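S.K.: What follows is the residue order along each chain.
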Amino acid sequence: MTLGETTEKIIRHEILGFVALTLKPLFKIVRHTFFSPNNSERLSELICETYSKLWDFAEHSISNQDFGLPSCIGTSPVHRVNNLLCRLYGAKFSSLSFGGSSGAMLTILTAVLPKLHPGRDLILFDDVCHQSTIGGLIFGRWKSVRLVRQKHSEHQTPFPLTFDALKYTVERHNPGRFAAIILVLPSYDGYQSPSECRKIYDYAQSHGITVIIDGAWDSLRFRQDSVNTPPLSSICDIWISSPHKRGLTPSSLGCMLTNKELIARHWDEALELGFRSSSVSFVEIMIAEHRLSQVVAGDWNESFAKADGAAQRLRRRIQDVHEDLYVVPPSDIQAEVNDLSHILISTHKIPLLDAREWAETLSRYFALDVEKATASTMLLLCASPDHLSHIDQIISSLKQALKQTLARRYEQS
Amino acid sequence: MNNPELEIVESWNAFSAPTEQITLSEAVGRVAASTIRQYPPGIPEIIPGMRYTPQILNNLETAHKSGIEIIGVNMSGKRNVEVVETGQQERHNLDIKTFDAKELSDLVINEIADFFRLGFSGAPYFHFAFHESDPLQSLPHTLDYAAYTVSLGLSDSEKRKTCQETLREIGYQKAMSTQSAPGENSTNLPKGFHLWTDKEICRKQIRDRISDEGYVTLVRDVKTDKLLGLLHARMGSLERLFQSEEWSDPLLFSQYQNRALRDNPERFFKKVDYHFGLKPYDQLMTISAQILHPDIQGGDIFYKMMRSMAEEVRPEHAALPLLSEIPPHGTAHTLNTALNDRLVFGVLKNDHPVVFCSQMSQALFLITRPKSYWNSALRQQIKKAREYRTKYYETLPTDNENVSVRPNGQMGLGVFATGNIPGNSRIAIFTGEKYQSETALGLPEIMRDHAIQIGQKEYVFGYKGLAHRLCHSCNPNCGIRNLTEIFTIRDVLAGEELTWDYRCSENSNWVLENCLCACERCTGKVANFESLPPEIKAEYLSKSMVSEWIVQTLSENQDPSTSSAV
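Each protein sequence line maps, in turn, to chains A and B. The numbering of the first sequence is this note's numbering, which starts it at 806 and goes up by one. The numbering of the second sequence is this note's numbering, which starts it at 153 and goes up by one.
By construction, these hints were calculated from the structure, which means they are not laboratory data. It should be emphasised that the depicted structure is a prediction, and the values quoted were computed from it without experimental measurement. Among the clues, some could well be false.
[What the hints assert, rightly or not] Cross-link-like lysine-lysine pairs, in silico, DSS-like; alpha carbons within 27 Å at most:
| hint | chain 1 | residue 1 | chain 2 | residue 2 |
| --- | --- | --- | --- | --- |
| 1 | A | 1154 | B | 356 |
| 2 | A | 972 | A | 1111 |
| 3 | B | 249 | B | 230 |
| 4 | B | 326 | B | 343 |
| 5 | A | 956 | B | 217 |
| 6 | A | 1204 | B | 217 |
| 7 | B | 217 | B | 230 |
| 8 | B | 326 | B | 311 |
| 9 | A | 956 | A | 1004 |
| 10 | B | 217 | A | 1208 |
| 11 | B | 326 | A | 920 |
| 12 | A | 956 | A | 897 |
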């Protein structure tokens, strides 16, 4: 699938056909409603039965009617959904993956990489990768080397990757043994250094090493025009992400993007071999198609602008909560950029405060959940347009929770 | 960890190894067999294959105290974690090195000989003794040595062999029923017999073998320096290896009932020449010994031994053909099935196949690849082997050019005309070796399935060429002449399948229970020529599509039903 193809809506007349087939149970429901209105148990059974039939059909039966199954290359309706992803993320090939980005990473490590690099046995993986990478390393039977990331002592967040550190590790072993380098970009807290990643990719290419980016925590990449993330082709061969971070797809869907046809073909072969989910949810694909079409058409631009505005405003106003709080700037941890929506608040200037207790108070008494908290930092994800209209309320909640937490601390001390 | 970036983590090995549970506080220095991670965000602190360090324990403790959920260990309970068993770690503490055979000192050769000798102690009742006239023939301890001595004096070689085989067989049966192993010096053997495990003789034999050019891979325990494994590959002329290896009795080359070929090396060389184009003076490689101490038995160790050897083989040896006896079971066999371009050449009477690979470097090429690739290659080999029976096809110059081989539904492969073929045209000739019917029973199935009868007790095994791909039909368009030549009995149009009636050359007890030809004349069951209805016999004979030897037999027997036609 290439950029610029026109998208078409998924044909839904199959479902209408099925609805016709469900007229009989519907008739039963109507009859039951009129003649046995008191037997509510039977009525609910009939409704459930009808709903279940509809669901089963939508979930599974359509696959037998030229609906097409997820894969990179092809022209079925599902590929047209993939095409939307290609346009949004700026890639030549993409594929939805079931089981989120974890499913995609497992497929890449266990079925695609062994074919790409049959003669290599090592994988260099980022210290901050998550469990799906480890699963892939185990079941792909790879030997691995950790790319150790140092953490900032106060903010407890990892420093961005540097080319020198990576090169040192690769060359302590034989570069020719490495099949792939897996990088987490950005980090869980939203920081990254694209220029270092460009150097890493150039170096990897010179040794024939595939660079995979685990972008599960990247909430912005799909907006090529508004963020300063480099194009896919300059930093990696394979990029894996979770479009649901910004609500582009239901949460069970991840995606794999690449510009290389060979990788796309190996991916499709892997899916054919059984790496495709056994219960492909076409309802979720339809939801994804619906949302992605709107995003591509620009219908969500206003919402995104509101969400960005909320994040910016929260960053600026964080000292309204407490004068000693501040949002960790990229320069503090030697990063070049940070994700707008991830806001890492440092509390280290308030020695009495443990940010984890503050987070707990927020969750328990103000129904405001945070992404993560350490002793001296708290991470907020501000990615919804609703945040803009509630920014005062958010600031107030943060302030009140902080007061309560500190008050408890004073009492204890 | 001082240099974590230098540690190579072998997650699968740790994940699949035997594990034990210990408390977290005892885990420092041990290899993890499971993942432990903080949540959120789910970034692992330790993964299978990594070693526990005080830093990791400290991280987990701090996170737990601050209320973060730890997945993979119950921090509020016993804090048990899974680690790789210590024994397993020690088991991998082996030194595997390959040496040029010429570099080995006498001391090491004696050590190898003793190791090799004791390696047979697992089955001492089968390999108890030998007679100096036949040092490669092991004898059981339950053998009637007095009777065997008498048999050695028989002048008729046939009778001598039959007698000895019978005595050995009785001895083996007795040994199997007693299941007890004698002590090394528990029996006073008659003159001329020696203990199979005789230290000096074994050392001499090993020294003799290692004097050939070759490679020896030794596995030693790093701590004790004890020898635990041996892989010996050597080069030599076909003639030299034939005389010193145990290839003397592969069923493929013998008369039925295990008649040894060692007395008839010319026949062996002729066969090897026919199949592989190797002359007696040609150099080749063989794997003479592959043995592991029971404590370290496992495919991994064999893999590492083979890989070590493959990496050491010099270019001048890499191009040699490989002809080797391979055990049919166990880890060594599993590994050896991955040899590239492998062809089972024959089966020894101990059920060990003799395999041939056209080039040693090709054969071992996969071994030099990482294990993940090897696993994949092994699967391919197995798949290839499965497909071999239905897809194997190699053209011969005698094959008709206007035909092609392609799948034919449930009949497997069939031969189809690609152009119009006039009647009386040659389609193919069964080309192969002639065998007596008794010998045929010992042949591999692939060959037996593609044999045709050319005499009362004589067969041709045409496993090359088009002929063996021609399907049977009860209403055929081809026949057989000149004993082995398949020809058209009428004009055949393009696209039509070429078939012949197998009964036209068959007069044995062979029976095909379910004929699949599905033609109007199908008899359902296909047996020999005698089983045909008289009118069809007459028709076949009138069209001269029956093998000459059957026609001749019929004439001799004066079969009334066919005499008029003849």
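S.K.: Compare the structure with the hints numbered earlier in the document and write down the numbers of the violated ones, lowest to highest.
M.R.: 1, 2, 3, 11, 12
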